[in-house]
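Let's have the full structure, built from the sequences with the hints guiding it.
Position 1 of the sequence shown, counting from 1, maps to 6 under the working numbering, and the rest follow consecutively.
Rather than coming from a laboratory, the hints here were simulated on the basis of the structure.
Here are the computed distance ranges between Cβ atoms for each label pair:
id	residue 1	residue 2	range
1	R25	L133	38 to 48 Å
2	P49	L133	34 to 44 Å
3	P113	P49	18 to 28 Å
With a Cα cut of at most 25 Å, we get these calculated DSS-like pairs of lysine-lysine:
id	residue 1	residue 2
4	K21	K10
5	K86	K10
6	K21	K86
Here a beta-carbon is modelled for each residue, glycine too, at the ideal position from N, C-alpha and C.
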Amino acid sequence: MTEFKQYDQLTWPEVKSLPRYTPMVLPLGSGYSLDQIADALNNPTVAYLLPPFPYGWQGSGLVVSDSILESYLTNIISSLKDDGFLNTLLVLPQGLNLNLSLPWIALPSTNDVSTTPALPPDSEKGKLILMPIGHTEQHGYHLPLSTDTLIIDAIAQGTAVLSSSQAITCNAIWC
Numbered sequence: 006m007t008e009f010k011q012y013d014q015l016t017w018p019e020v021k022s023l024p025r026y027t028p029m030v031l032p033l034g035s036g037y038s039l040d041q042i043a044d045a046l047n048n049p050t051v052a053y054l055l056p057p058f059p060y061g062w063q064g065s066g067l068v069v070s071d072s073i074l075e076s077y078l079t080n081i082i083s084s085l086k087d088d089g090f091l092n093t094l095l096v097l098p099q100g101l102n103l104n105l106s107l108p109w110i111a112l113p114s115t116n117d118v119s120t121t122p123a124l125p126p127d128s129e130k131g132k133l134i135l136m137p138i139g140h141t142e143q144h145g146y147h148l149p150l151s152t153d154t155l156i157i158d159a160i161a162q163g164t165a166v167l168s169s170s171q172a173i174t175c176n177a178i179w180c
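Here it is, written out as structure tokens:
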């Protein structure tokens, strides 16, 4: 049985010590079967999940052009390959057809992206939407790779609380 670990919770020394054939998985959205992902990877002992890419495709709530989405995904996977990781995989929602030259699989998701509400919810129209997105990168030897995301998320949450009539943060339900 494959053990899935969160890549962004690692520190740089832990990443540096990983065997470069360790599977790295980038899901678009969430709600995928880990068993199906493990099968697609030939059931390794351990695989690492990168933070899910939350939007960009039709049905995700915020759509960008396919060429922009393809460029962004290619950049992320290329960065992993530049770091020596040879076993990468994108997990896409079924029905999404991108022109990718990267390893990918399409799987059903328990999150029905076809019913994802539009951004923002009607009750929040007219407010500034804060989308806290940070890099997953090294921050010294003692901090997790998710440091940027943790900081910007705290700033966005605090800003939304202090100016609730003017700003909101996106969340897992509609972002």
